[in-house]
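Trainee: Please construct the entire structure, taking both the sequences and the accompanying hints into account.
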Amino acid sequence: MNGSDDPPRLSELSDAPSGLTDLLDEAKSDQLSDDRIEALAAFFDGLPPGGSEAPPPEAQGRPPTATTQAPTAGLRVGVKLGMAAFAVGVVGIGGWFISRRVPAPQPSDTAATSSALAPSASVQAASEESATAASTAEPTAPIPSATTSSTPGAPVGSKRRAPATTPAPNPVEEHRLLRSARAALVTDPARAKALTDEHRRRFPRGVLTQEREVIAIEAVRKLGNAKAARSKADAFTKRYPKSPHTKNLEHAKKNP
Amino acid sequence: MAEHLWRVLMTASAKTPPTATRWSVGQVVRAHAGYVGRTLRYLGVAEADLDDACQEVFLVVHRRLSEFEGRASITTWLYAICLRVASAHRRRTAQRRESTMHEPPDRPTGPTQEHVIRRQDARSQLQKLLADLDEDQRVVFVLFEIEERSMTEIAELAGCPLQTAYYRLHAARKQLEKGLRRSGVAPSDVVVPS
Chain P
25 MNGSDDPPRL
35 SELSDAPSGL
45 TDLLDEAKSD
55 QLSDDRIEAL
65 AAFFDGLPPG
75 GSEAPPPEAQ
85 GRPPTATTQA
95 PTAGLRVGVK
105 LGMAAFAVGV
115 VGIGGWFISR
125 RVPAPQPSDT
135 AATSSALAPS
145 ASVQAASEES
155 ATAASTAEPT
165 APIPSATTSS
175 TPGAPVGSKR
185 RAPATTPAPN
195 PVEEHRLLRS
205 ARAALVTDPA
215 RAKALTDEHR
225 RRFPRGVLTQ
235 EREVIAIEAV
245 RKLGNAKAAR
255 SKADAFTKRY
265 PKSPHTKNLE
275 HAKKNP
Chain G
1017 MAEHLWRVLM
1027 TASAKTPPTA
1037 TRWSVGQVVR
1047 AHAGYVGRTL
1057 RYLGVAEADL
1067 DDACQEVFLV
1077 VHRRLSEFEG
1087 RASITTWLYA
1097 ICLRVASAHR
1107 RRTAQRREST
1117 MHEPPDRPTG
1127 PTQEHVIRRQ
1137 DARSQLQKLL
1147 ADLDEDQRVV
1157 FVLFEIEERS
1167 MTEIAELAGC
1177 PLQTAYYRLH
1187 AARKQLEKGL
1197 RRSGVAPSDV
1207 VVPS
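Chains as they are written, first to last, in our numbering: chain P, 25 to 280; chain G, 1017 to 1210.
Calculated from the structure, these hints are not laboratory results. Heads up, some of the hints might be wrong.
[Claimed, not checked] Here are the computed lysine to any residue pairs in the SDA-like style, where the Cα-Cα straight-line distance is at most 20 Å:
1. G:Lys-1144 with P:Ser-42
2. P:Lys-52 with P:Ala-40
3. P:Lys-52 with G:Gly-1042
4. G:Lys-1194 with P:Ser-38
5. P:Lys-52 with G:Gly-1086
6. G:Lys-1194 with P:Asp-39
7. P:Lys-52 with G:Thr-1092
8. G:Lys-1190 with P:Glu-36
9. G:Lys-1190 with P:Pro-73
10. G:Lys-1190 with P:Ser-42
[Unchecked claim] Distance windows between CB atoms, simulated:
11. G:Arg-1107 with P:Ala-63: 48 to 58 Å
12. G:Arg-1079 with P:Ser-38: 17 to 27 Å
13. P:Glu-274 with G:Glu-1164: 17 to 27 Å
14. G:Arg-1108 with P:Gly-248: 17 to 27 Å
15. P:Arg-33 with G:Arg-1135: 16 to 26 Å
16. P:Pro-32 with G:Arg-1198: 16 to 26 Å
17. G:His-1186 with P:Asn-249: 36 to 46 Å
[As the list claims (entries may be wrong)] Which residues of chain P face chain G? A few of them, derived with a C-beta cut under 7 Å, are:
18. Asp-30
19. Arg-33
20. Leu-37
21. Ser-38
22. Leu-47
23. Leu-56
24. Leu-64
25. Ala-65
26. Phe-68
27. Leu-232
Note that CB positions come from ideal geometry on N, CA and C, so glycine has one too.
Mentor: Here you go:
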């Protein structure tokens, strides 16, 4: 890597200060540890392929494909959504009239309704982590079953709610949001807390749930509510006993 | 300097190398994260921020890898990203009112970790010395003496004429020798573990 006209490096000079050359030799062998590199690589292995530009603010939180579609594609989606909303309205009004005419629903209808409104087991399991992590904060909205939209005879309401509560994973945007939250911890803990709340709302099943909770705990502590912070920390350590954050939280609890 | 680095980044992505575009970001991380971390560290990113800074570097890679077409080597491209990220981190750190620590204080350290501690001590001494340099000198010194890049490449990354890069290297060496004398670090004090 040495250019032909380059001066000799300090390590090649016999009269260089040996203290400095020793420090430089040490620095050259300095590398990130293998586990840190592997953790970083694993994070990026899990990311969807990157785009050429960051998504505009209004598109943040949406699936990456939404930002790369042509404007006409957006128009098509809008028209489809409009038609769907119209259909939902018509069916809803029809259903209302029918329910007025037949006040007592059949048992089979009731079962269908309750099963359609209940989250499926797989979705429940997937959402359990984020729901438990957020146990000390505001309750998480029920997540409709992925099967409800395809269930014949399912209530209209479940169809309407499905797209709004199943955002596609977007770790890059999650990271951005939490980075802002972490930066705000120093100067404006209230904003940091608000950003973690926003993260919880936008990414209820995000990949950075633990990071969000740690920031939220720190924000609550800095806002002066040590008791709530401790209780959130307890909930966190109980939920994620093997988390790398747990050790730091335990330390912080002992040294508030 | 930031604008210049951005131009270097863009220039680096103007011609197609057959290999880089086929890499996944995970592969780039595994191949290059070692020296990316080292470069960021000696460019002044605090230890507590090092993981975040590394992640920022590779997020840029993640966003732009499909566009990287290799007029420069991928290492040059990564160095340019590192310089930008390190510069931003230093600015943010200067604005902070509290200092961050990589590890919480009072964390017990076993006697078997002496080797690690001495290594950390040597690293921290060099970081303190480098912190006294101005940013331009520091970039040239770190890339030349630690990363062993050529002066031509460094001048291109730093956006300065070659002669200016030589001058900055010379000035940085003088300043570091002075700092070394001032800190009273005798050569025998710097015992670097093998």
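Trainee: Confirm or reject each hint.
Mentor: Do the hints match the structure? See the list:
1. G:Lys-1144 with P:Ser-42: Since the Cα atoms of Lys-1144 (chain G) and Ser-42 (chain P) sit roughly 17 Å apart, the hinted pair holds (cutoff 20 Å).
2. P:Lys-52 with P:Ala-40: 17 Å, holds
3. P:Lys-52 with G:Gly-1042: At roughly 24 Å apart (the allowed maximum being 20 Å), Gly-1042 (chain G) and Lys-52 (chain P) break the hint.
4. G:Lys-1194 with P:Ser-38: Holds, because 18 Å separates the two Cα atoms, which is no more than 20 Å.
5. P:Lys-52 with G:Gly-1086: 26 Å, violated
6. G:Lys-1194 with P:Asp-39: Holds. Lys-1194 (chain G) to Asp-39 (chain P) sits at ~15 Å (cutoff 20 Å).
7. P:Lys-52 with G:Thr-1092: With a Cα-Cα distance of about 17 Å, the restraint between Lys-52 (chain P) and Thr-1092 (chain G) holds, given a limit of 20 Å.
8. G:Lys-1190 with P:Glu-36: Roughly 17 Å separates the two Cα atoms, so the pair holds.
9. G:Lys-1190 with P:Pro-73: 46 Å, violated
10. G:Lys-1190 with P:Ser-42: 14 Å, holds
11. G:Arg-1107 with P:Ala-63: 48 to 58 Å: 26 Å, violated
12. G:Arg-1079 with P:Ser-38: 17 to 27 Å: Hint violated: Cβ distance 46 Å, outside 17 to 27 Å.
13. P:Glu-274 with G:Glu-1164: 17 to 27 Å: Violated - the Cβ-Cβ distance for Glu-274 (chain P) and Glu-1164 (chain G), about 42 Å, lies outside 17 to 27 Å.
14. G:Arg-1108 with P:Gly-248: 17 to 27 Å: 25 Å, holds
15. P:Arg-33 with G:Arg-1135: 16 to 26 Å: 21 Å, holds
16. P:Pro-32 with G:Arg-1198: 16 to 26 Å: For Arg-1198 (chain G) against Pro-32 (chain P), whose Cβ atoms are near 25 Å apart, the range 16 to 26 Å holds.
17. G:His-1186 with P:Asn-249: 36 to 46 Å: Violated, since His-1186 (chain G) and Asn-249 (chain P) (Cβ atoms, about 56 Å apart) do not stay within the stated range.
18. Asp-30: 5 Å, holds
19. Arg-33: 6 Å, holds
20. Leu-37: Constraint on Leu-37 (chain P) not satisfied, violated at 10 Å.
21. Ser-38: 13 Å, violated
22. Leu-47: Holds: closest Cβ of chain G sits about 4 Å from Leu-47 (chain P), inside 7 Å.
23. Leu-56: 4 Å, holds
24. Leu-64: Status holds, d = 5 Å.
25. Ala-65: Constraint on Ala-65 (chain P) satisfied, holds at 4 Å.
26. Phe-68: 4 Å, holds
27. Leu-232: 11 Å, violated
Checked against the numbered hints listed earlier, the structure breaks hints 3, 5, 9, 11, 12, 13, 17, 20, 21 and 27; every other hint is satisfied.
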